[in-house]
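2 protein chains.
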Amino acid sequence: MQEELIEKLIEQFRSLPGVGYKTAQRYAYSIIEGSKERAQVFSQAIVDAKAKIGFCEECGNFTDRKICPICERRDHKVICVVKEPRDIISMEKVKNYNGVYHVLFGTISPLNGRGPDDIKIRELLHRISKDGVQEVIMATNPDVEGDATAMYIAKILKPLGVKVTRLAQGVAMGSDLEYADEVTLARALEARREID
Amino acid sequence: MQEELIEKLIEQFRSLPGVGYKTAQRYAYSIIEGSKERAQVFSQAIVDAKAKIGFCEECGNFTDRKICPICERRDHKVICVVKEPRDIISMEKVKNYNGVYHVLFGTISPLNGRGPDDIKIRELLHRISKDGVQEVIMATNPDVEGDATAMYIAKILKPLGVKVTRLAQGVAMGSDLEYADEVTLARALEARREID
Chain A
70 MQEELIEKLI
80 EQFRSLPGVG
90 YKTAQRYAYS
100 IIEGSKERAQ
110 VFSQAIVDAK
120 AKIGFCEECG
130 NFTDRKICPI
140 CERRDHKVIC
150 VVKEPRDIIS
160 MEKVKNYNGV
170 YHVLFGTISP
180 LNGRGPDDIK
190 IRELLHRISK
200 DGVQEVIMAT
210 NPDVEGDATA
220 MYIAKILKPL
230 GVKVTRLAQG
240 VAMGSDLEYA
250 DEVTLARALE
260 ARREID
Chain B
70 MQEELIEKLI
80 EQFRSLPGVG
90 YKTAQRYAYS
100 IIEGSKERAQ
110 VFSQAIVDAK
120 AKIGFCEECG
130 NFTDRKICPI
140 CERRDHKVIC
150 VVKEPRDIIS
160 MEKVKNYNGV
170 YHVLFGTISP
180 LNGRGPDDIK
190 IRELLHRISK
200 DGVQEVIMAT
210 NPDVEGDATA
220 MYIAKILKPL
230 GVKVTRLAQG
240 VAMGSDLEYA
250 DEVTLARALE
260 ARREID
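Chains as they are written, first to last, in my numbering: chain A, 70 to 265; chain B, 70 to 265.
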């Protein structure tokens, strides 16, 4: 005898990453038991974020403009390559990085049927030739797919005379970049090594 | 360099029960990375649930009508008293209960300054006199406040000739005796029944 509108809301919360039925139910009740203003602000925040936040045309970072502030202001001679836009936010905690980023929107994963053409490698090559990039820092996750993707890109870039480095494995194997702390990230950046 | 609109969305997700910053961030990214349709449906579900779901005027259950389907169709001679509307959904999993409910919207808690007048006890008394109720099942939580509230209500109802029962307390089905606390075990022992 659960009301249909509650079920609909629960279903939406369940679509969030890692949320099961019980948790979604708790979230839904918290909305229903909260104020009408809160529900409206919440609802508006979802629509606004989705409507106004897009991807930077240059690097793929989240932004509400055509070109993100990082691409506008920073050194284009160094590109840090990440898997997802959210990884940029993690990397940005390292205050002394002054280069730009490139989001691949995925990693090479033969098991999941994702090859080099399914992620933004062509766009990376284009930027490298256009901007006279000197160093590409591979900051994909320290896992099998992240490593494979870094290797693949290094192999392509080497003949072009571009230095390709990889975040040092100071970040624990099998972990997710998104959850790494600043110190670990800073050390990993500092001890980055060339892929040969 | 986190965008303001993302921060606003993260803040909203953080307002949900048990959600910290990292989790809220993951939820927010999932919205931004998802489709525009999904964001709209999600947003609408929040507003709709809040706007249209209220409390049943009779029992306090969540409903989008004046009187909920349970109150409309079921036996008013038995009332199951719960703390919160969500408890009704738990109780409804017991398929063979055919009575109605009464939501107290809280429990008596002197430590938190909540007395009998702060929860819906008066409304319960009114329903009992109006509907000729024969049994009141106290299904408040098996904790100090839930027990105290059950005791208090039982004391009031006894003189009115209403049978007041309490959900049996004991070791939970499928649980492990090794991990049961002393209070639970003591109650289970006290309420032991002959095997026939």
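In short, the hints are calculated from the structure, not lab data.
Some hints here could point you the wrong way.
[As the list claims (entries may be wrong)] In silico SDA-like cross-links for lysine to any residue, where the CA-CA straight-line distance does not exceed 25 Å:
hint, chain 1, residue 1, chain 2, residue 2
1, B, K152, A, E73
2, A, K91, B, E153
3, A, K91, B, V116
4, B, K121, A, E73
5, B, K105, A, E76
6, B, K105, A, D133
7, B, K232, B, D245
Holds or violated: are the alpha carbons of B:K105 and A:E76 at most 25 Å from each other?
21 Å, holds
B:K152 paired with A:E73 [C-alpha distance capped at 25 Å]:
Between B:K152 and A:E73 the Cα gap is close to 22 Å, so the pair holds against 25 Å.
Given the proposed pairing of A:K91 with B:V116, does the C-alpha separation stay at or below 25 Å?
Status holds; Cα separation ~21 Å.
Restraint status (C-alpha distance of B:K105 to A:D133 at most 25 Å):
Distance ~15 Å between B:K105 and A:D133 Cα, so the pair holds.
Does B:E153 lie within 25 Å of A:K91 when you go C-alpha to C-alpha?
16 Å, holds
Would the pair B:K232 and B:D245 pass a check requiring their Cα atoms to be no farther apart than 25 Å?
Violated, at about 33 Å.
Proposed proximity, A:E73 with B:K121 (alpha carbon, max 25 Å):
With a Cα-Cα distance of about 11 Å, the restraint between B:K121 and A:E73 holds, given a limit of 25 Å.
Of the numbered hints stated above, the single one contradicted by the structure is hint 7.
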